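> Going line by line, the protein sequences match chains A and B. The first sequence begins at 577 in the numbering used here and counts up one residue at a time. The second sequence begins at 183 in the numbering used here and counts up one residue at a time.
These are calculated hints, taken from the structure and not from any lab test. There may be inaccurate statements among the hints.
Lysine-lysine pairs mimicking DSS-like chemistry, simulated, CA-CA at most 27 Å apart [what the hints assert, rightly or not]:
#	chain 1	residue 1	chain 2	residue 2
1	B	K249	B	K226
2	B	K253	A	K618
3	A	K644	B	K226
4	A	K618	B	K191
Bear in mind that the values here come from a model prediction, so they are computed numbers and not experimental data.
In case you want the letters, here they are:
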Amino acid sequence: KQEVTQIPAALSVPEGENLVLNCSFTDSAIYNLQWFRQDPGKGLTSLLLIQSSQREQTSGRLNASLDKSSGRSTLYIAASQPGDSATYLCAVTNDYKLSFGAGTTVTVRA
Amino acid sequence: DTAVSQTPKYLVTQMGNDKSIKCEQNLGHDTMYWYKQDSKKFLKIMFSYNNKELIINETVPNRFSPKSPDKAHLNLHINSLELGDSAVYFCASHNPGTGWNFGQGTRLTVV
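Using the sequences and the accompanying hints, generate a full structural model.
See the structure below:
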């Protein structure tokens with residue numbers, strides 16, 4: 577059974593600082609890994625999708641890496657802004673299922 | 183155009199009632215899902231349909247019955263609602279090339 581762990585559970589940083597969010601998973605036979613953002617009371621917004629054959633993906637200030645053999649992914653957010661405050665969820669796909677971590681709740685202080 | 187849309191967005195109902203949540207996707211994906219997000223914000227898979235066929239049925243009470251009339255729709259019917267069913271229910275669709283798309287969620291409150 578796939579287990580996804582996200583560390584830290586919560587993070588508070590001053591505006592402008594870079595963010596590093598970690599995700600680990602127990603079963604490396606994944607199809608892909610996806611990072612999502614969830615604002616309070618809202619749905620899930622997809623940030624980055626990394627296929628199992630890829631090592632990283634970038635979109636604007638966001639960069640996500642994937643090391644499938646060690647079961648790890650890291651999401652980097654450069655030059656954080658108050659608008660980046662949200663919960664970030666890591667999720668991996670195995671056997672048609674998407675398994676989620678519990679999320680990292682980020683607060684960026686102005 | 184919303185890729186995955188679900189209705190209603192909010193649902194407040196009494197214990198014992200039967201209710202349905204509807205989901206539609208316009209992405210042409212073959213596979214659709216229902217996920218439940220509990221009070222601790224953890225997302226857990228409930229069901230999956232691939233081209234109208236049930237392929238995943240996690241340990242969910244049989245009061246919950248998904249129905250897929252076609253591959254663009256996956257509805258969730260819940261009988262005899264209980265207090266513990268209160269949660270946010272998310273519909274999703276998946277394509278191997280483009281990943282996952284989620285609806286905006288349905289917040290169900292059972293009183």
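> Take the hints in turn and mark each one as holding or not.
Structure-based check of each hint:
1. B/K249 / B/K226: Roughly 19 Å separates the two Cα atoms, so the pair holds.
2. B/K253 / A/K618: holds (25 Å)
3. A/K644 / B/K226: Given that 27 Å is the threshold and the Cα spacing comes to 22 Å, the pair holds.
4. A/K618 / B/K191: Cα-Cα ~10 Å, so holds.
In summary, this structure violates none of the numbered hints.
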